[in-house]
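Visitor: Below, each chain spelled out in residue letters.
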Amino acid sequence: MTKFHSPDPRLLQQLDLEEEEEQDYFDYFYDKPGSEPGTLNIEPDAKPSRIVLIDYDETHAIRKVDVTPKALIPYLGSNTISWMDVQGLGSETILKQVGRIFKLHPLLLEDVVNVPQRPKVEDYNEQLMIIAQMVFSQPDEEGFHSEQVGFVLGKSYLLTFQEEQIEDCFDIVRNRIHANQGKVRQTGPDYLTYLLLDSIIDGYFPVLEKYGDRIETLEDQLVLRPQSSYLEEIYTVRRELLALRRAIWPLRNVTDLLVRGESSLIHPEIKIYFRDCYDHVIQLLDIVETYRELASSLMDVYLSSMSNKMNEVMQVLTVISTIFIPLTFIAGVYGMNFEDMPELSWPWGYEACLGLMFIIASSLVFFFWRRGWFNSFYSFKKD
Amino acid sequence: MTKFHSPDPRLLQQLDLEEEEEQDYFDYFYDKPGSEPGTLNIEPDAKPSRIVLIDYDETHAIRKVDVTPKALIPYLGSNTISWMDVQGLGSETILKQVGRIFKLHPLLLEDVVNVPQRPKVEDYNEQLMIIAQMVFSQPDEEGFHSEQVGFVLGKSYLLTFQEEQIEDCFDIVRNRIHANQGKVRQTGPDYLTYLLLDSIIDGYFPVLEKYGDRIETLEDQLVLRPQSSYLEEIYTVRRELLALRRAIWPLRNVTDLLVRGESSLIHPEIKIYFRDCYDHVIQLLDIVETYRELASSLMDVYLSSMSNKMNEVMQVLTVISTIFIPLTFIAGVYGMNFEDMPELSWPWGYEACLGLMFIIASSLVFFFWRRGWFNSFYSFKKD
Amino acid sequence: MTKFHSPDPRLLQQLDLEEEEEQDYFDYFYDKPGSEPGTLNIEPDAKPSRIVLIDYDETHAIRKVDVTPKALIPYLGSNTISWMDVQGLGSETILKQVGRIFKLHPLLLEDVVNVPQRPKVEDYNEQLMIIAQMVFSQPDEEGFHSEQVGFVLGKSYLLTFQEEQIEDCFDIVRNRIHANQGKVRQTGPDYLTYLLLDSIIDGYFPVLEKYGDRIETLEDQLVLRPQSSYLEEIYTVRRELLALRRAIWPLRNVTDLLVRGESSLIHPEIKIYFRDCYDHVIQLLDIVETYRELASSLMDVYLSSMSNKMNEVMQVLTVISTIFIPLTFIAGVYGMNFEDMPELSWPWGYEACLGLMFIIASSLVFFFWRRGWFNSFYSFKKD
Amino acid sequence: MTKFHSPDPRLLQQLDLEEEEEQDYFDYFYDKPGSEPGTLNIEPDAKPSRIVLIDYDETHAIRKVDVTPKALIPYLGSNTISWMDVQGLGSETILKQVGRIFKLHPLLLEDVVNVPQRPKVEDYNEQLMIIAQMVFSQPDEEGFHSEQVGFVLGKSYLLTFQEEQIEDCFDIVRNRIHANQGKVRQTGPDYLTYLLLDSIIDGYFPVLEKYGDRIETLEDQLVLRPQSSYLEEIYTVRRELLALRRAIWPLRNVTDLLVRGESSLIHPEIKIYFRDCYDHVIQLLDIVETYRELASSLMDVYLSSMSNKMNEVMQVLTVISTIFIPLTFIAGVYGMNFEDMPELSWPWGYEACLGLMFIIASSLVFFFWRRGWFNSFYSFKKD
Amino acid sequence: MTKFHSPDPRLLQQLDLEEEEEQDYFDYFYDKPGSEPGTLNIEPDAKPSRIVLIDYDETHAIRKVDVTPKALIPYLGSNTISWMDVQGLGSETILKQVGRIFKLHPLLLEDVVNVPQRPKVEDYNEQLMIIAQMVFSQPDEEGFHSEQVGFVLGKSYLLTFQEEQIEDCFDIVRNRIHANQGKVRQTGPDYLTYLLLDSIIDGYFPVLEKYGDRIETLEDQLVLRPQSSYLEEIYTVRRELLALRRAIWPLRNVTDLLVRGESSLIHPEIKIYFRDCYDHVIQLLDIVETYRELASSLMDVYLSSMSNKMNEVMQVLTVISTIFIPLTFIAGVYGMNFEDMPELSWPWGYEACLGLMFIIASSLVFFFWRRGWFNSFYSFKKD
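Chains as they are written, first to last, in this note's numbering: chain A, 1 to 383; chain B, 1 to 383; chain C, 1 to 383; chain D, 1 to 383; chain E, 1 to 383.
Certain hints may be false.
Since copy identity is lost for identical chains, a pair holds within one copy or between any two.
Unchecked claim - Simulated crosslink set (PhoX-like; lysine-lysine; CA at most 20 angstroms straight-line):
| id | residue 1 | residue 2 |
| --- | --- | --- |
| 1 | K64 | K271 |
| 2 | K271 | K120 |
| 3 | K271 | K155 |
| 4 | K210 | K120 |
| 5 | K183 | K96 |
| 6 | K47 | K96 |
| 7 | K271 | K103 |
For the record, the hints were derived by calculation from the structure and aren't laboratory data.
Using the sequences plus the hints, can you model the full thing?
Guide: What follows is the structure, given as structure tokens:
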């Protein structure tokens with residue numbers, strides 16, 4: 001019998017899977033208390049690291065895949081602009097070599113490698129580190145995935161760290177460099193940083209749009225037919241919007257600091273572009289807060305709908321009970337077996353009794369109809 | 001039978017239409033992630049662009065309709081003040097020509113063309129860009145429409161971008177220029193900007209007033225007769241007030257920056273007028289926040305009314321049940337067929353039994369009357 | 001029959017009246033979109049304007065009623081201090097003449113004439129404009145009235161604009177000038193401004209005190225006997241406190257700016273007095289926020305009381321039903337007409353049956369009594 | 001009969017008393033609108049004023065009770081430090097004399113005499129005024145009392161104004177001066193101000209601790225046995241915590257201004273001590289906000305408990321009704337008097353009928369037991 | 001019988017124990033009002049103090065246990081870096097001796113000894129005091145413990161005060177000094193402070209993670225099977241997260257002041273490390289606020305689930321009652337004993353009556369099935 005009380009193990013297993021996924025939304029990486037600052041934490045299931053180099057100036061653009069860290073050294077001091085893209089955070093030796101070659105501060109390396117971190121920008125004088133969370137979601141799935149992208153902006157290079165190789169939006173930028181579209185080849189690594197950061201930020205819009213659609217759908221369904229399964233859906237939407245807000249909110253600070261910051265690594269002319277990023281982040285925050293407020297009003301609507309439904313159920317019960325209980329009582333009276341009940345032998349006694357019942361029932365029906373309680377019966381028709 | 005469970009397709013279709021309209025309230029335009037900054041997005045259903053030129057100084061005022069972008073060049077360097085009004089954002093070539101002639105920054109052109117954007121003001125040194133949302137609503141419809149207006153203020157010209165030609169309030173300003181009313185002909189394009197921005201801001205008041213009326217009506221109706229259909233109306237009002245607040249809130253920043261900003265394009269004497277705009281925006285925010293708070297208390301009132309109604313329903317059920325259930329039991333006892341039931345053959349047995357029932361019923365009626373439960377019966381009379 | 005469903009027209013009419021009054025609490029004046037800045041809006045039912053002049057210095061004080069605007073000119077440049085009080089905003093010519101004589105900025109004149117405006121202070125270099133809302137309420141009425149007072153402080157004069165003649169608290173100041181009480185005759189128009197503004201601010205305290213009393217009364221009544229009529233009262237109190245907060249909140253800014261402002265029209269020594277005004281406004285805000293929080297907790301108490309009441313109703317129903325339903329079933333069993341029911345012919349069958357019923361009823365009574373459900377019956381006694 | 005509907009007059013009287021006490025928590029003193037600034041308001045029931053003088057330096061310390069204001073004059077210009085403690089605010093002449101002798105600004109005198117005022121600090125150049133609210137509560141009573149203490153700190157003296165003579169914590173400071181404990185005799189009146197203000201602030205902790213205990217008790221009781229009487233208790237706790245927050249919140253500003261203020265009357269070395277006061281006020285705020293949040297969650301717990309209880313009541317009713325109603329129907333069918341009912345004459349008809357009833361009852365019991373509804377019956381056992 | 005009404009004494013005792021533990025979460029230490037500033041408060045059950053000295057520079061590192069305060073004097077002026085760790089706050093003489101030797105300000109000594117204090121940082125010119133709360137929890141227990149750690153950072157030494165000897169994370173740092181791992185031996189006492197503070201901050205993450213898990217579990221359980229026992233669990237989680245937030249929130253200020261502070265005791269190069277601490281605190285705050293919001297939505301989910309459950313209970317009752325009450329009435333009618341009831345003697349009267357009942361029952365079943373009320377019966381299957 002206990003199987004009725006304990007939840008189905010398969011259901012729980014499924015929940016466990018979901019749980020792990022949900023975990024992703026809200027955890028940050030943290031060091032073991034007391035551990036050495038700058039310790040790199042290589043996850044067992046992290047992808048092995050590989051480096052993709054793109055070196056360009058106004059006249060040329062080359063691309064090299066699977067470059068060793070040492071092979072990057074010549075590009076460090078050159079006049080051309082180099083974008084070194086470290087894909088996968090699973091090879092400690094490669095990451096440490098990169099750290100040594102680029103003279104990365106141990107805390108900087110820790111932040112780009114030990115994912116996820118809170119988005120932030122930090123100025124290490126010779127280098128500017130930017131941490132951002134990229135989000136994306138498959139068209140056919142609910143929820144979203146997020147992945148950390150770390151930027152290290154130097155005088156003539158940009159170093160990026162990704163958890164795994166993201167083809168989609170970064171590829172568009174890569175192609176633009178090769179095709180010499182736009183002004184990317186005429187400008188420095190700061191403009192390249194802007195292009196990549198902007199494509200990360202623009203990636204939030206389609207994800208948020210899906211939540212807008214889910215809220216619309218929920219809203220329509222709640223008004224048409226409130227059901228308890230919507231409760232869980234509302235909760236999930238609120239939870240995931242909370243997770244999105246957590247990712248977007250610190251981006252506001254990041255882009256604000258890039259616009260107002262004093263770093264010499266960002267050319268004043270490029271700051272206008274980061275101001276554009278900042279505007280987009282403000283728009284995102286505006287949307288996410290609006291959706292959160294809508295989702296929260298949906299909960300109110302749900303609760304009120306449930307309360308309405310209960311009211312209607314109660315009215316049906318009350319109308320039926322109140323009409324029949326007095327009638328049943330009268331029937332009971334004349335079902336008594338007293339020897340001397342004069343009404344029983346009256347000539348039209350039975351008909352008079354039925355008539356009395358009819359009058360009582362009619363009065364009650366009229367009473368309830370006047371008060372509009374029969375609407376509870378009609379209102380179900382709309383379902 | 002499934003047609004009872006699945007919602008009516010016509011109803012859904014109607015909801016779809018509504019959905020699209022609702023979509024308008026909350027979405028912002030966003031670039032495809034990775035796209036080139038400054039890409040213009042021409043909606044297929046956008047109106048073709050046409051340019052209306054008004055050129056004036058203290059002594060003359062001319063108006064030209066359907067001017068080509070090239071024809072604007074002579075007016076750029078002249079001493080007179082020119083208002084170039086681009087109506088419709090559907091012609092990419094015209095928009096790009098305008099961008100080249102006025103040397104608009106690609107990001108500026110993107111912001112005025114790719115609608116809707118969040119209201120903002122941005123200083124491009126030689127030009128000041130202002131984005132605002134104009135709202136209006138027909139007297140006989142619920143909800144409201146919004147449309148973006150982009151301003152580019154130069155030294156001797158004002159360039160405006162509208163989604164479509166808005167006759168109403170801009171025409172009043174146009175007529176005032178021709179009739180040489182007020183001080184518009186004696187002042188520069190900054191005063192003209194003020195006149196147009198002020199008429200946009202003043203346009204929010206009648207829209208908000210309609211929501212004030214809807215809240216009043218809801219409030220009166222809720223107190224008179226709570227019904228479940230009001231729930232949806234409250235939700236809609238809250239949702240649309242949220243949308244209005246989203247449009248007004250950034251206007252606060254816009255007008256504040258115009259008052260405090262360092263831009264040389266706005267004459268200090270004209271800043272007093274923008275301070276007036278700022279005051280109006282603060283008044284709007286004050287009203288919208290007040291209405292939002294009232295709408296939110298309405299939800300409380302609605303929930304409490306429903307809870308009251310349920311209480312009354314329950315009291316009716318309880319009073320009727322509690323009175324008749326014991327009586328029915330007594331009738332049941334004397335309806336039993338035991339052979340030896342002495343009461344049945346008592347001479348006044350039946351009358352004694354009826355008397356007992358009467359005493360019990362009276363006691364219960366008295367009990368409930370003393371506790372005021374019969375008010376539930378009376379209170380329905382008010383409906 | 002429809003008269004039961006549609007609300008009583010007299011009730012609606014009464015609501016309409018109330019509605020208009022409520023309207024007053026939340027609307028601001030706004031220009032017709034596109035109208036000329038500085039347009040005066042004369043309400044048809046506005047009182048005709050009349051000017052009361054009080055001119056004084058340390059040695060003399062004169063008072064002139066119904067002065068024409070032109071007659072004010074000599075007092076403008078004199079060394080004495082002049083208080084020109086414009087009562088009633090219904091005469092456009094008089095108001096425009098005053099505007100010309102005092103060289104009022106069109107926007108300033110608009111703000112003091114087109115009522116109501118949000119309280120504010122604005123510095124026009126030669127003049128300081130202050131807008132405030134005065135509130136008052138008759139001892140025997142609920143709610144409150146509010147009226148705008150506009151101050152224009154010049155070097156040697158104070159110009160005030162009132163919607164109608166307010167005798168009460170301004171008269172006390174007038175009398176003090178004539179009686180040469182306090183230091184008003186030894187100081188400039190800034191001290192006079194302080195006196196009038198302080199009397200406006202102090203006027204909020206008795207109005208707020210009435211709401212404190214209403215909340216106390218509601219609180220006592222809710223605990224003694226929750227009734228659905230209190231719901232509307234709580235809503236009204238919340239609504240009116242919201243209106244009061246809207247009037248007081250901007251006064252905080254006004255008084256703060258008067259204390260910290262750079263205007264040369266306020267003598268540093270007098271700023272100590274405005275600091276006192278500021279303290280009073282902070283106290284008002286503190287009270288109004290406290291009352292709002294109390295009113296909001298009252299709603300919680302009301303909802304909980306209703307929920308308690310429903311619980312008690314349900315317990316009464318459940319106790320009565322649960323006791324009698326099984327008994328009625330037993331009576332029903334022995335009322336069946338089967339030919340062969342051995343119990344019916346048992347010698348003590350009837351008595352045994354009654355005994356069984358008694359045992360069942362006693363067990364259930366004991367069960368419910370142990371659980372304290374009979375408290376629901378007793379608890380009504382307290383009502 | 002009306003005595004059931006109108007509340008017991010003794011109860012109301014008791015409520016009136018309570019009301020007055022509650023009034024104390026939330027009102028501020030306010031001037032009659034239009035009254036002269038600096039008017040002293042002597043309450044009829046105020047204690048007569050008496051002055052206690054303590055004069056000390058490193059080498060001596062004297063104490064004089066019931067000193068006349070004039071007798072204070074010699075101590076004003078002396079090199080010793082004088083603490084003049086005005087106890088009781090009922091004697092207008094004494095208070096005015098003190099005002100003249102110490103050259104107190106009329107607004108300053110008004111603030112220390114017209115109680116209660118909002119805590120604040122104000123710098124009158126030669127004097128620093130501090131207003132604070134002291135709270136205390138008897139061990140055996142609920143709620144707390146509050147009393148205003150006004151400090152006027154001069155170059156060589158400290159003037160304090162109390163509503164009545166408070167022996168407890170000020171006496172400890174007095175004794176410390178006489179016993180020359182600590183560094184009080186080696187420092188100026190600023191350190192004395194610190195000692196007194198710190199003892200006022202420390203006095204809030206035991207009062208708050210009582211509320212912590214009340215919340216703990218409520219929490220335990222709510223979980224064990226939810227009762228409607230706790231609702232009032234929760235409301236009272238929330239109300240009184242709101243009152244405490246109102247007293248503590250402005251103290252934050254007061255102590256912050258004392259630490260950061262530019263006044264020359266506070267020696268920089270003593271500011272470290274006021275920083276300690278500031279820390280204590282922050283701790284108080286932290287505690288009071290935490291308690292407020294706990295009290296507010298308690299309301300949620302209470303509402304949920306009530307909802308649980310109702311659920312259980314409904315389940316009992318539903319289980320009993322659903323089991324017996326079909327059985328009673330069957331009994332009713334075989335109680336019908338049709339002439340030709342074949343089952344009635346079946347040999348085992350009665351036994352078959354009882355068997356059918358048993359099967360139906362068992363199925364329903366099994367159905368409900370499987371769904372765990374009998375827990376509602378068991379769960380009452382915990383009460 | 002009273003034992004049913006009064007809670008079980010053993011249960012109360014258990015609650016008392018819990019209460020004391022809960023007390024820990026929310027109280028601060030406070031002085032007896034009026035007491036001497038700088039008074040040390042030695043708890044009777046405090047551990048006796050012992051001092052552990054670690055002295056090191058780049059070339060050596062020694063460790064001495066149970067050092068007397070006097071033995072610390074030679075290390076004060078030396079060039080080596082000394083970490084004096086005072087474990088246990090129970091020996092007043094040792095603590096006072098340490099105060100004298102290190103010339104600690106009385107308020108500083110009070111803050112590190114009288115635990116718990118609110119986390120803070122205070123600059124005493126020659127010394128920098130930091131107060132922090134360390135939290136930890138055993139793997140198998142719910143809740144957490146917290147303990148104060150006080151730091152006094154001097155030019156060449158670090159003095160720490162702990163309530164009791166904490167081995168875990170401080171030992172890792174001790175071992176790193178001895179093993180000369182990392183850069184701790186090459187840097188000053190400011191870096192040591194960073195290492196210890198960072199390990200305290202990192203200690204919050206695993207504690208918070210446990211709450212994340214508890215929320216996940218609650219969430220899954222609530223959706224599967226809402227039960228009243230979860231209410232208490234939600235309340236406990238909210239309460240403990242509130243306590244954690246109270247400990248973390250002031251750490252934000254502490255780390256921010258260490259990064260931005262002007263103190264010469266922290267080398268600018270080390271500030272980058274404290275910036276890392278600050279980032280971790282922001283992450284903690286972010287997590288704790290997210291969890292608090294999730295816990296608060298859980299309450300909504302719980303309330304909605306309860307309301308759903310009630311709806312289902314009511315539907316079961318209404319369906320059963322509404323079907324059988326009319327049938328029972330019909331049976332009652334034909335159980336009446338009127339002499340002349342024609343239907344009773346109809347040939348197929350009984351069968352017609354049963355047929356009528358069947359038709360009525362079928363219609364009602366169809367009516368309820370169409371409205372989906374039988375889902376309430378099915379939905380229980382999921383439990």
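Visitor: Take the hints in turn and mark each one as holding or not.
Guide: Here is how each hint holds up against the structure:
When the C-alpha separation of K64 and K271 is checked against a cutoff of 20 angstroms, the pair qualifies neither within a copy, at 30 angstroms, nor between copies, at 38 angstroms. In this homomeric assembly, K271 and K120 come within 20 angstroms of each other (Cα to Cα) both inside a single copy, at 17 angstroms, and across copies, at 17 angstroms. With identical chains, the CA atoms of K271 and K155 are at most 20 angstroms apart within one copy only, with a shortest distance of 16 angstroms there and 24 angstroms across copies. For the homomeric pair K210 and K120, neither the shortest alpha-carbon distance inside one copy (26 angstroms) nor that between copies (26 angstroms) is at most 20 angstroms.
In this assembly of identical chains, K183 and K96 lie within 20 angstroms of each other by CA distance solely across copies; the values are 17 angstroms between and 34 angstroms within a copy. Proximity of K47 to K96 under the C-alpha cut-off of 20 angstroms is restricted to the intra-copy arrangement: shortest distance 16 angstroms within a copy versus 46 angstroms between copies. Taking identical chains as interchangeable, the C-alpha atoms of K271 and K103 lie at most 20 angstroms apart only when they sit on different chains, with a minimum of 19 angstroms there against 26 angstroms within one chain.
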